Every structure is written in structure tokens, then in C-alpha cells.
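Undergrad: Input sequences plus hints: build the corresponding full structure.
Chains as they are written, first to last, in this note's numbering: chain A, 1 to 162; chain B, 1 to 162; chain C, 1 to 454; chain D, 1 to 454.
No wet-lab data here; the hints were simulated from the structure. Just so you know, not all the hints are guaranteed correct.
What the hints assert, rightly or not - Here chain B is said to cover these stretches of chain C; the calculated rule only asks that three of the stretch's residues, wherever they fall, bring their Cβ under 8 angstroms from a Cβ of chain B:
#1 45-51
#2 69-82
Unchecked claim - Below, computed lysine-lysine pairings styled on BS3-like, alpha-carbon distance capped at 27 angstroms:
#3 Lys168(C) x Lys116(C)
#4 Lys422(C) x Lys236(C)
#5 Lys236(D) x Lys116(D)
#6 Lys168(D) x Lys116(D)
#7 Lys4(C) x Lys116(C)
#8 Lys4(D) x Lys422(C)
#9 Lys236(D) x Lys168(D)
#10 Lys4(D) x Lys125(A)
#11 Lys168(C) x Lys125(B)
As the list claims (entries may be wrong) - Partial chain A-side listing against chain B, Cβ under 10 angstroms, derived:
#12 Glu22
#13 Val23
#14 Glu24
As the structure is a computational prediction, the values presented were derived from the model and not from experiment. Even for Gly, the Cβ is constructed at its ideal location relative to N, Cα and C.
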Amino acid sequence: MNIDLLQLKRLMRAMRRYDLDEVELREGESTVRLRRSPRGGDATTTFETAAVAPARPSHFPMDTAARAAASGVPAAPAVDPDLVTVTAPLIGTFYRAASPQSRVFVEVGSTVQTGAVLCIIEAMKLMNEIESEVAGTVVEVLVENGRAVEFGEALFRVRPSR
Amino acid sequence: MNIDLLQLKRLMRAMRRYDLDEVELREGESTVRLRRSPRGGDATTTFETAAVAPARPSHFPMDTAARAAASGVPAAPAVDPDLVTVTAPLIGTFYRAASPQSRVFVEVGSTVQTGAVLCIIEAMKLMNEIESEVAGTVVEVLVENGRAVEFGEALFRVRPSR
Amino acid sequence: MFRKVLIANRGEIAVRVIRACKELGLRTVAVHSQCDVDALHVRLADESVCIGPPAASRSYLHIPALVAAAEITGADAIHPGYGFLSESAAFAEVCRRCQLTFIGPTPEAMRAWGDKVTARAQARRFGIPLLPGTDTLADLDAALGAARELGFPLMLKASGGGGGRGLKVVRDAAALARAFDSARAEAQAGFGNPALFLERFIERPRHIELQVIADHHGHVSCVGERECSIQRRHQKLLEESSPGLLAGAAHGRLIDVAVEALRETGYRSLGTLEFIVDEAGGAYFLEMNTRVQVEHPVTEMVTGLDLVAEQILVAAGGRLTIPAQPPPPRGHAIECRINAEDPVTFAPSPGRITEYHPPGGTGVRVDGGVYGGCVVPPYYDSLLAKVIVHAATRPQAIARMRRALDEFIVEGVRTNIPLQRKIIDHPAFASGPMSTRFLEETVLRDPAPGASRS
Amino acid sequence: MFRKVLIANRGEIAVRVIRACKELGLRTVAVHSQCDVDALHVRLADESVCIGPPAASRSYLHIPALVAAAEITGADAIHPGYGFLSESAAFAEVCRRCQLTFIGPTPEAMRAWGDKVTARAQARRFGIPLLPGTDTLADLDAALGAARELGFPLMLKASGGGGGRGLKVVRDAAALARAFDSARAEAQAGFGNPALFLERFIERPRHIELQVIADHHGHVSCVGERECSIQRRHQKLLEESSPGLLAGAAHGRLIDVAVEALRETGYRSLGTLEFIVDEAGGAYFLEMNTRVQVEHPVTEMVTGLDLVAEQILVAAGGRLTIPAQPPPPRGHAIECRINAEDPVTFAPSPGRITEYHPPGGTGVRVDGGVYGGCVVPPYYDSLLAKVIVHAATRPQAIARMRRALDEFIVEGVRTNIPLQRKIIDHPAFASGPMSTRFLEETVLRDPAPGASRS
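TA: This is the structure in C-alpha cells:
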């Protein structure tokens, strides 16, 4: 599918402008689906992309587009209002483990305490450990290992204990 | 997929305008699906108003603006739908009498036959007599003697006989 | 100087003239048809008058309405723009009779240079080169004899025709013999005149023109040349200006004879001499336009002149401030005409412009006649705006135009921006020069010219 | 040459740099804070990255975020624009360490010329004239002695002050005597340093600057001068460029010593030397800006150069194509800064721009950072766009600017367009020259300057 970055961005902007919840484009085996969750009548500028079935491997242009639209947003209009979304406090490269040989810090189902390391974001050759601010259970890992993340991008969803 | 972004946007606009929830287009292997969930929706209309119907910028010369708005319009949104509005069939200077010494052709209350001269419009030194196309009673004279009139400008209102 | 100028036009050229008047301190009157009540030129003028219904014949072409509009508003001059009545000697005459200054040449000069046949006679008289050809042909034998002298290919043209009508290309004697009788019959039927003549046919001509301006004090100046070969069906789409478009020596001589001809015939306004240029660089006079051209901004960009202001000033009797040898042009300019039309089918696309974002920045000028929210009516030509870029070199100007077209957003109506992008991106455009058949032969036949971009 | 340039800025200058990159065939990365996600620079760039929350200290001024953004997008150069980190030698150093080309001078050159005190030392060394003044004064007696030599009026300045802080104007010996002790105490309290010095005070100075550019091959060129005297509280509002702003002989010599100083100190980028000019035409070096200026377009208009493209090219090691003696500037250019602020109270006016119609036509350039429908956030400076006009003469440029300002429509936020109109219409502006006190003394005190229009 020949969707370029600019086109995709424009599409996302248009979705928000025209208040659409979902756009799905399919050609042959490629699919792009953009989805926003419904919200109360107020004109919040929140915007979320979900399920970008990747037509190509997940590297820049494509995911910048997706994330650019997602960023600038508290990123938490979650389906389940009880979930806590952990967002990137800085931009850099997202790693789920301390080294390629190590086990991932957390996966879906992991129980975490406050202060537990969830992932690493590398920026300017520095490995920044990102800690959980809540105790609970990881219910979603939103970013693949090794991918670049922007400021404010949603990384994990955690269901707080009790 | 050759997504024509403009077409897609038009589609989105149309969806919002006609309050559709879902549109799916399929052609061969290509599919486009757009979905909105129903909502209160008054917040979304503000954008369109701004984009599509800009207010006339306030610093355009006022008299021009006023006249421009008046002209080019059938000029007959009369309070009384039974009245016939006589408009200027050409531009020029409006005279209510054949000469400064003469009596006016008609005034409010005058009864006119079809073909009766109502006024003169002078253009290029020619005195053009403007005749009534209806028989009836003059109920309003809308333009002062000696004033310039545009094409289509309302001159008189006549109540047709019976 | 005038006090108040009525602009007998609409769209971008009306806006252009209003801008020039404002900068000269002159008051302006816009005229408009009923459907143009909210048009940009109406919004920008000091006053406006509705002159008739949408049909141009009853508004923008209706001389009594225009003159009456000048009378009731107290305008003392009329600028005709281009198109509509801009080349009507009759209109210029009515203006004169009504003591309104027509901002253009005298009716006599318009007849002498605006009419194709008289203009060619003038050109011949002053030694401006014309396409080799014949007078009216007595019969087929005369035609064959002349053809032997001139050499093929040739155009067999009807004296009564024009604008491409009544024209046949013949490539050898046999074709000429076959075409002669039927062409004669068609000429009689189509134009009421069976007369035919021959003229050299140039397979892939370029279209080049000279911009001239003259005042009432004997000053005539040629201020630059323009390349206008990118055309579709004789409609120019993209124009360029830079020094040295015409080959060296021919160039200087051409300008000299053209300036001389205009001076001798008492031409006193802005004008453009159009030439057809063959593959060998030979230039042949085609016709003269006695009004401002759509593409005048490319000349303004490389010279720094304001041609419309100069046109108004000389009409008011002012002295031309441009020296006979104007300062050399600087850099290269390109203009793209942005039309409301389908970029593939060329079908006009009237409607409401819902979003309008013109390009800006270094070396970019936009001459537009529309704004976001306005309606493009279906009654007139489809030109919305012109993007003009200026840069030190042609490759830089091309890069700048590409960038400017990318920025230009028009929504609600379809535009030819994608087509202009295709032209600008085409490798043959970058290498140049192009003939008037470039667009149809090269760009429009290319299945995926976009692929040529890196 | 670079492959991909990250623009570490926002607003009109980010758009300006993106345009230059596009024309050079370079890919672009925009960075933005959370509130700028829909900003024009984000829309025009090839890629964009959110680098932090709205507060500039955590986004546009946050070096680690900018460098990380360059790393994850694979950018190999960073353009800092103006403001933000454009004059941070520390940032330039981090870039160098991270193998990113900082598009500007070396950190060493930034320290040498970007710092006021070092720059003045450099200037003194190379004979660039400085305001007559003293070194640190031992006591009041020394001050009175020096004052007798220098003549009044004088500025009594705190060595630790700057930007107008710690400055007292004294008009005679008695005033100096009265002010000395308290100034010393205040300097100690305010800057932790009681040292004071004297400098000549110019009652009504003009602010004039020289645009220079230098490459890595020893070429240094001064490409023009700008008049920037229309200011309010040291903020420039309107700038001009034309040849001959500085008086004849002084002018040539000033350029020569400035060019020499930059060559000798190995300066290799775009830069601006700011001068204060007294009533007699004497020019005194104030400071140097080691980055692109807001007002660079006026120089581009009269020279036809693309200064940002040249800045990028020399940063990539390219050779300056401008000759040491550049072609003479043509005509006159004026720039008006259009700010989102109340034209009377100067209070910032953030909000959503509901309508935006920039001017166009002959000799008009608009460098904007906004569009109809976008939001002007309250976190950054209020510059929305710059209108730049170019014409043959200053009176024509003024007429053109008046026309352009009339056409410029911005709704939804208040702008200073009415104030710019007031300046342009003021008879004292037409007669010129103006001092830096012109705006506050003449325009803002005038009860109804609009009435001065015919």
C-alpha cells in the first residue's frame, strides 16, 4: 500500500476534525486501521491510534506518523477508566530489557510494585530506567522492543492493585 | 491503494453533515470504511462554520459591503409576499421625474397600469424610461431622486390589482 | 493623474490592478456580475457596482453597463485587464467619447497591432521577421510552385480562419494536392471566403514573447522576454523569464526592430509581441497583444519593475521612468497558473473553496483572485491564482516552485496543481528547452511521471 | 551535504528553515511540544517528533530531548533558528560531541562573538568603533575626571548589568555626583558586583546592522545593511534595507574592518553586527548575533540571495558563492512583524485564528508560521508572520506596505496590524530617519495619527 507519512498524518487530522471513530483502509493484504475511542461531547483534542496493522516493518516514517498524532495527548482515554497508562517521560529508544540477553522487565500479567523498572528509554547514549508509579498488574505493552518513542507516548497499561 | 485524500475528506464532511455512522466503500480488493459513533455533536460544527462561511472581515469598507450584500440578490425578500418589486434593469442614475421642473411619475399610493413609466434611469447620457410590468398600486419608493442605482437594485414595491 | 479607476474585469487580474492603483494612491471601483458579489476583487476595491447578471455578455462584456458604472461612481479611467473587453477598439473608442481614459493603447493603435492581419503587415513593413509563406494562392499549381520554393512541411491556411481553425498541415506535394480542393470548399463553407495561403510549418516550435512598454513622450522600452511554450490547446499553463531566451544576435536585432516599429507607429502603452521560434532558433512574429498579459509577473520578478503601475502611469500621460536600456534582468522566474479544473480530464471544477492556503516565503509571489470560503462560479475562466517564483538560477527556481506547489492547499474544488507538479518534476522540463508540444507529447503521455522524482 | 535536518525551533522561523531545506533537497524533521502538535512547521516537515510539554524549558530548550530526537530520526544536522538555543555554545558543543552538525558557528566562535564583553574586546582589537567610555571607575573623582573628557550626557553602567538593567543616564556633573554612590550600592545588591563604568549616551540613536556570511574556505562577505530603529522596549517591530543607510566613507571602512575581524577570528557562518548610530552618523559596535535574524528577509529582497540556504550550505562545508564584492542591492525593502498582541496595550493575544488571509501580489512576501484554524499557544513569543515588501524606492515600498497591511486579515486573535499601519502612515516615518525612540515618542504619543492620512 502506498500510503506515505504525510498522507497518513493528514488522514488523522481529518479524522479528528470530522470526528470520526474509525477509518479502515485495505488493499490486498495490507490494512491500515485508525481508531479513536468515543468520548463525551466536549471537544477534547485527545486522539488515539490503535491497531495499525503494519504493512511494513515497524520503523520510522510509518510509526512517526502514528505516534505524532498520538502525542501531545495525555494518552489516557482508555477503554477501561480504571487502567493507568504509563507514558514516555522523554524521547528515545524503548527497550523492554536491560540487554539483548536479559529477560524483559515486565510482560502482560506481570505484577509490579511502585518503583519497579518497566523498561529502558535510551537517549543520548544514556539508559534511562522508567519506573512504575503504581503497584498493579501490567495488562498491555503498547510499544515493541527497539522502537523510537516520543515524549508522552503511551507505553504500558497497568491495572492498579485493589 | 490510491487513496484520494480530498475525496476521503469530502466523504468525511458529508458524513458529519448528514450524520451518518458508517460508510464502507469496496472496489475490487480495496475497502474503505469510515465510522462515527453518534454523539451530541454541537462542538464539532464550530469548525465547519469557521472554514466554510467566514464572516465578512470587518474592515472592508462598510458602504461597499452593505451595497454588495444588497446587490446580486433577487432583492425581494419582501415582508408581504404579494408585493411585486421593480428592480433596476440597468445601472445608472435614478430620476423620479422627466426633468427637475416636472412632477414625479409616481408616488406612494399612485395607481399604475402595465407599461406606465415609473422612473427614468440615465446611463451614458441616455434617459431610459422604466415601465411597470404590472398594474397596481405603488406602496413604496425605495430610492431617492438623483441617486445612482446598480443592476438589480430594488426601486419600487407595487401591490398588483386584485 | 487619475482620481478613480474603474476595473472592468474580475478575478486575479482585477485584484492585481486594484493593488497597483492602491499603491499609486488612486481610488478604485470594482464592477461585478450578480454571482460575483462576494468575489475578492469586490472586497478589495474602495467601491463596487453590480453591472448585470452572471452571463459575461450582459455584465463584463456589456459596454453601456461599464460606462454607466464609471459615470455614477465618478471614475475617470477604466482598466480593462486581459480578456473581456481588453482588446476591443470599440470599447476604447466609447471610453474616449465619454471622456474616460482607457488604460491601454489608442483605438487606432489597437486596430493596427491588435488585428492579426494588420499587425503582420506592420511587421513586414518594419522588418520584423514573419513565417515564410505566400499571399492568396490562385490555384493548386501556384500552391505547388510556392511549396517547392518554401519546402515542406507547410500549413495550408484559410485567409478567413484563425486560432487553429481552417488549418491543414501538409508534408509533401501529394498531400498538398489531395488537400487543396477540400480545404477550399471548407474555407468557403466555414468562413464565406475560399482564399487559401501557405506558411511554413514548424514541427516543434517554442513560444517566446517580448514585453514592451511605451509612453506618450517617444520612449519605447523592451523590458524582457518570456518563454511560454508550456501550453495545452493554445492555453499557456506555465511561463518563464530569464535573460538570453532568444539566441544572441537575433535577439538584439529583434528587439531593435520591434522597438522601432512601435515608436514609428505611435504605440503608447504596455504590449507584448509573440514569436514562434523554430528548432534552429529563428524567431517569427506571430501576433501582438495590446494589453497586460497573464504572465507579466515573471518579467516583474526578474526586473523589479511594476508593469501595471507603469501602464497606468503612461496612460495618464506620465513619462516612462524605465531607461531605453533597462537594467539587466536578475535570476530566473517561473509562473504556474492554478486553475479550478480536473488535473487529468481538464474539466472545469467550479464550486465553493472550503480551504485555501497559499504558499509563502523567499522568492514566492502569489497573485490570487480567491479566498477560503469564496465560490468559483461556472461562468468564467478557471484561473484561481498564479504562483510565481524567483531564484538565482533555473534549477533553483524549479526547486522553489516544487516547494511552493507542495505548500499550496486548495480544497472544495479540484485544481491543476498535480499537473503543474508533474510538469515541474519532469526530467525533460529540467533539461529544457521545450516546444509547445511538450505538454501533450511528453507530460500527458507519461504514465507515471511522478516516479521520476528521487 | 546533509541528508536530514532537524529544526530545533517552531513558528515562522521553523517554517522558513524547512522551506530552505526542501529547496535544497534535504529531508526535514520538525520537533514540537505537546501544544504545537498541529502547528504549521509540523505540517510542512517530512517527519515530526514530540519532544516535551508546552513549557519551553522542557521542550524547545531541552537539549537532551532535541539530541534524542535527532538520534531516533537519523538527522545529521540541527538548525537552531533564532531565539531558544540558537546562541547556546553549550548546545553547539553537545551537537558536536554527538556528531550532529550545528548549523551555525563553532562553539568557540559563538563564545568569542556571542558574548557581549568578549565581542567588545574583539571589536576593540580589530578597530571596530565602540562607544567612547571608561574602564571600571575607582571612585567618584575618577568618574568626574573621565566625564569632563567624554562630555555629557553619559550612561553610568554596572559592569555586572546588561539589557538596560543597572543603567543610569546622567546629564551633568552634579547628577553624576548624586547618582554615583547609590548606583554602586544597587550594583552590589543587584549583581553582586559594585563595579561601575561610564559610556557616552546617545539621545536619539539609530539601530543599524550589517549582515555578514562566511564559509570554511576563507571567504567572508558583507551582503548589506539593515535599519532596525523602530523598536518598542528593545523589541524590533519594523525593519528596512536599502543601500547607503550608513554615511558614505564610514560605511565602507566599517564593512572592511568587520569583514577583516571575522576572517581573522575564523568566523564561519551567518552573522549580524549591530551598531548604534549617533545623530552625526557615527557608528558604534553594540553586539553581534551569531544566528539568523528575524529581519533577514529584507536583505534577501534587495539582494536576491537566500541567506538561510547559504547558511546551511556553508555549515555543510560548501563554498560561499557570493563574491567578496556582492552585486549592488536593488531597491528598498521593509518588513513588518505581525504579532498576536493588542495594538494598544501590547498584551499578548493567544487563541484560535479563525480566519487568515495573507496579502499577495507584486513585491510582497509573507513568512508566516500559522494558518486559518490553528491555535496560537500562550507559551511562546507572539510573532505570527512577517510581511516583507520590495519596491524600487522607499516611498513606493511604503505605499506597497500600506496596501499589504490593508489586505492582511487575521481574526480570532488581536494583532498589531493597526499599530504597523500607524507607523507606516506617520509623516515622520515617510520623511525619516527615525531614532529608536521614534515609536514611543512619536507614534504612541500621537493621539490620532490615522488622521494624518489624506
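Undergrad: State for each hint whether it applies.
TA: Structure-based check of all given hints:
Proximity of the region 45-51 of chain C to chain B, defined as three or more residues with a beta carbon under 8 angstroms from a beta carbon of that chain, is established by the 7 residues found. Counting residues of the region 69-82 of chain C whose C-beta lies closer than 8 angstroms to any C-beta of chain B gives 4; at least three are required, and the coverage claim holds. Distance hint between Lys168(C) and Lys116(C) is fulfilled; the C-alpha atoms sit about 19 angstroms from each other, no more than 27 angstroms. For the suggested pair Lys422(C) and Lys236(C), the alpha carbons sit about 16 angstroms apart, so the restraint of at most 27 angstroms is met.
Restraint check for Lys236(D) and Lys116(D): the C-alpha separation of about 19 angstroms stays at or below 27 angstroms, so the hint holds. The suggested pairing of Lys168(D) with Lys116(D) holds, with an alpha-carbon distance near 19 angstroms, which does not exceed 27 angstroms. For the suggested pair Lys4(C) and Lys116(C), the alpha carbons sit about 33 angstroms apart, so the restraint of at most 27 angstroms is broken. With a C-alpha separation of about 24 angstroms, the suggested pair Lys4(D) and Lys422(C) falls inside the 27 angstroms cut-off, and the hint holds.
Between Lys236(D) and Lys168(D) the CA atoms are separated by roughly 23 angstroms; this keeps the pair inside 27 angstroms, and the hint holds. The hinted pair formed by Lys4(D) and Lys125(A) meets the criterion: a straight-line CA distance of about 20 angstroms does not exceed 27 angstroms. A threshold of 27 angstroms between alpha carbons decides the hint, and for Lys168(C) with Lys125(B) the separation of about 49 angstroms lies outside it, so the pair is violated. The beta carbon of Glu22(A) is positioned within 10 angstroms of a beta carbon in chain B (closest approach about 4 angstroms), and the interface hint is therefore held.
Residue-level restraint check for Val23(A) holds (minimum Cβ-Cβ distance to chain B is 6 angstroms; threshold 10 angstroms). Because the closest C-beta pair between Glu24(A) and chain B is about 4 angstroms apart, less than 10 angstroms, the hint holds.
When each numbered hint is compared with the structure, violations occur for hints 7 and 11.
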